[in-house]
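J.: Chains A and B are the protein sequences, given in the same order. Numbers 1 to 714, taken from the working numbering, label the letters of the first sequence in order. Numbers 1001 to 1189, taken from the working numbering, label the letters of the second sequence in order.
Because the hints were derived from the structure by calculation, they are not lab data. Ideal placement from N, C-alpha and C gives every residue a C-beta, glycine not left out.
DEER-style ranges, computed between Cβ atoms:
1. A/P75 <-> B/T1187: 21 to 27 Å
2. A/P61 <-> B/T1121: 32 to 38 Å
3. A/E181 <-> B/T1187: 55 to 61 Å
4. A/E63 <-> B/T1187: 24 to 30 Å
5. A/S301 <-> B/R1142: 31 to 37 Å
6. A/A144 <-> B/R1142: 44 to 50 Å
7. B/R1142 <-> A/N257: 52 to 58 Å
8. B/E1141 <-> A/D342: 44 to 50 Å
9. A/G86 <-> B/R1135: 17 to 23 Å
10. B/E1141 <-> A/A144: 40 to 46 Å
11. B/S1156 <-> A/K44: 28 to 34 Å
12. A/G128 <-> B/T1121: 34 to 40 Å
13. B/S1156 <-> A/R383: 49 to 55 Å
Derived PhoX-like pairs: lysine-lysine, alpha-carbon spacing no greater than 25 Å straight-line:
14. A/K44 <-> B/K1138
15. A/K44 <-> B/K1145
16. A/K685 <-> A/K700
17. A/K174 <-> A/K231
18. A/K151 <-> A/K174
19. A/K216 <-> A/K231
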Amino acid sequence: MAFGKALALSRTERNWIIGMVRCSNTLTMLNGRLSSLVIEMNPKNWEQVKEILDRVSRLDPAERSAFFDTFEISPEIRAEVESLLGLDDASRDFMSVSLTEFSKDLVADDDPLPALLGQRVGNYEITGELGMGGMGAVYLAERADGKFEQKVALKMLKREFNIGALRETFDREKDILSKLEHPNIARLLDAGSTDDGVPFLVMEYVEGFPVDEFCKRENLSLQERLKLFNKICDAVQFAHSNLIIHRDLKPSNILVNASGEPKLLDFGISKLLDAEEKAQMTAFGAMTPEYAAPEQIRGESVSTASDIYSLGIVLFKVLTGSLPFDRKGKTSGELLRSIAEDEPTAPSIAGTNDRRGQIPGRKHFKSDLDNIILKALSKEPERRYETVEQFSADIWRFIDNRPVEARPATRTYRLSKFFKRNKILVISCLLVILALVVGIAAAVWQASVADANAAAAIAAAENARIEQEKAEKVSEFMMRMISYANPSWYANGNRYGGETRVIDALNDIGSKIDTEFANQPDVLAELHHQLGEVYMTRGDPGGSEKARHHFQRAIELRHSYYGYWHELVAKDLAYLYWSAPRPTDESVQMLSDAIVMMRSTNPQNLNLPYMLEDYFHNLTDEKYSTQRAMYLRHVPQPAPNDRLQAADQLYDEMMGLLRQHFAENDEPIIDQKCAGIELKRKVNKLAEAEALSRACSIAKDNLRTVKEQENTSN
Amino acid sequence: MDESSQSEITQILHDWNSGDEGAHERLLPYVYDELKRQARRLMSRERVNHTLQPTALVHEAFLRLAKQGGVDWQNRSHFYGIASRLMRQILIDHARQHGAVKRGDAQIHLSLDDVSVSLETRASSILALDDALERLAKLDERQAKIVEMRFFGGLSNLEIAEALDISERTVVRSWSVAKLWLYRELTNS
Chain A
1 MAFGKALALS RTERNWIIGM VRCSNTLTML NGRLSSLVIE MNPKNWEQVK EILDRVSRLD
61 PAERSAFFDT FEISPEIRAE VESLLGLDDA SRDFMSVSLT EFSKDLVADD DPLPALLGQR
121 VGNYEITGEL GMGGMGAVYL AERADGKFEQ KVALKMLKRE FNIGALRETF DREKDILSKL
181 EHPNIARLLD AGSTDDGVPF LVMEYVEGFP VDEFCKRENL SLQERLKLFN KICDAVQFAH
241 SNLIIHRDLK PSNILVNASG EPKLLDFGIS KLLDAEEKAQ MTAFGAMTPE YAAPEQIRGE
301 SVSTASDIYS LGIVLFKVLT GSLPFDRKGK TSGELLRSIA EDEPTAPSIA GTNDRRGQIP
361 GRKHFKSDLD NIILKALSKE PERRYETVEQ FSADIWRFID NRPVEARPAT RTYRLSKFFK
421 RNKILVISCL LVILALVVGI AAAVWQASVA DANAAAAIAA AENARIEQEK AEKVSEFMMR
481 MISYANPSWY ANGNRYGGET RVIDALNDIG SKIDTEFANQ PDVLAELHHQ LGEVYMTRGD
541 PGGSEKARHH FQRAIELRHS YYGYWHELVA KDLAYLYWSA PRPTDESVQM LSDAIVMMRS
601 TNPQNLNLPY MLEDYFHNLT DEKYSTQRAM YLRHVPQPAP NDRLQAADQL YDEMMGLLRQ
661 HFAENDEPII DQKCAGIELK RKVNKLAEAE ALSRACSIAK DNLRTVKEQE NTSN
Chain B
1001 MDESSQSEIT QILHDWNSGD EGAHERLLPY VYDELKRQAR RLMSRERVNH TLQPTALVHE
1061 AFLRLAKQGG VDWQNRSHFY GIASRLMRQI LIDHARQHGA VKRGDAQIHL SLDDVSVSLE
1121 TRASSILALD DALERLAKLD ERQAKIVEMR FFGGLSNLEI AEALDISERT VVRSWSVAKL
1181 WLYRELTNS
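Produce the complete structure using the sequences and hints provided.
T.: Okay, structure coming up:
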């Protein structure tokens, strides 16, 4: 109000203001309100007291009196104002420094926790302390009424936090726990509040160790660990089926008791979902970063998929003794960024620095178990297992030696079948060499069947000479590579295990070939390509970048040697696409170019069907929905407008090509039959879908029988 | 402060910055610990003279938490408001622990000269003030909030104005009236 703001310093101004007010509307309103005052102070008349007090505080007594008369201020308000004004001098020093300043000794000599030991809470007597959290504490307690002997965990909110949202969080945990009766979830036994209203929960006391520690102590085998983990999955699945997300799954919340039963604890930040919000909810935040899903870190919506992610980390920890995203040497910010962005280390190569947490037989769990865990750890929730049940089922498949569903991406999975990873250096080298030798043999053969006319004969002789030179160079190089396998190569203090040796050797080869084969660009290109494949399928950290580097080098070299339009260029392009972490506009264009190039240069090339597979797969898949338009743009055919029609066309083309290489019962054909069912249904080719589905299930049964027989014969 | 609570703070601060209204309540436990830590540290400093600076507890607590969080902090004023509330709770709690009792004839000891008065007496005054402030809040919540921020939180008028989104002038006026009212409440009882 202008009036208040102008409260003047000079007498003239004050008089002027009083004059103004006399005839203002404000006055009339104020006056009306004041005359209806009740005696006791309430928020409404307190407003007026404040206003008047402010106006009259600088007036002298005579002016004040005039003010009250003029505005016909009620006696009650007037008395109140004058009473307060009378204190002006006396209270000058009152609260003149902030309270903390002269009461800090009060705060300083404190013991933050009132001694609760021995005290009785409800029917329980506190006998010890189990843990302290930010907002509360968990105590060990026993029945005090002596009815029966029972140790319990008593969780209490700190008295000063018994307010608002914190209280609600606490109450929510009670609601959630009361819904969860499961052998692997710590039970809620009782709840109540203390005399002064502080709420507490009485829960089953689990005497045991965090799951990772338990596995280490008991030195459990791989199988035992996996079976234990599956029990944990059961408990989480049970919570999910009750529409509850735990949101803070980590070893310290999963205790294993002496009889080996895991128990899930601490639903403190879990979320009870309404049926409608089952799919998603807003992130709540208070979680443990190392075990939190990227969407939790980013503060996006959290779903059951977030628990699946955390379970993935727990399994990672249980199997390797380490974490995929380590906080060592990182600031909190860096750790969070890393979780949100970086690809996790493959479990099979994790924790090489700390062998204590590792389990016997760990080396054998490479590909399949890697795939299972990495699927659970996908950045995008929709790429993870849809349910904990599916996650757990895949682990059972692994335990039973059946084919698992998890595959990181079709391409890598497929390629790993072609290039079984090898622990022995020589085999890794031989992979490179084999390809070269095959290449050379083909060239020599081509030379020998060349026309026998004179000119051609000279050319052939020349070719043969070049090939001879090449072969010598290659065999020389081969010898040196094999020497990497010689332990003495590492004699100078190298302490790394076999895994690291391979990578060292590969890096060494990679850095040397450019000079060694400077005069044989075709060999050099192939070497780069092969190295790229090895890096790509090994899955070392940074491997995909190295792979891309080698593929790019291969492409450059082949461009200048063979030109731009060549089968091998198409192959390199496809691999460059496959080695990229995710498709981009450019890489889709590249794959599209590669497909066109391969079709026209050598449709028999075994890579072609797999290139088509990627393309149709991505066209079909929901998770590429945002990129569909992009893919459709590049469908390298007179394209139907509908993406599914386009995908279907590519699928048929792929199957046709695969049949030229494989028999009906071969795995690649069967795999693709299984993969095509959904698509055929979507494009309404129901009969075809039915046929594929039948073929798929028969083949899978057969495969299972074969594997079971293998197992029993072992 | 251990590492896990540190990263939890980071997360909460992030949430808060991105508009999660519930975040500040989850921050309370940490602010609480931090304030207590600061208070202890302040106490251990040797007092070289009797000139008392307006307390920097809340500021320091804020700076430390924000720095640990490593975030670009937007909600400074919001934080101050909460920290003040916590300081009040902390002090009241401790006053109770120090055996303070509410006395009908309580002399008030809440001014500059009272720093030397015994702990117990001061504690009683604090409890009495807390009660009076509760009563004031029933009359005028904002006014009580201003007292809380200034007296318990040690914040400046400008900071309070920003936190409550009102003019500095309003803060000054509310403060001086509240002071009178509280003084009367405490001396008349």
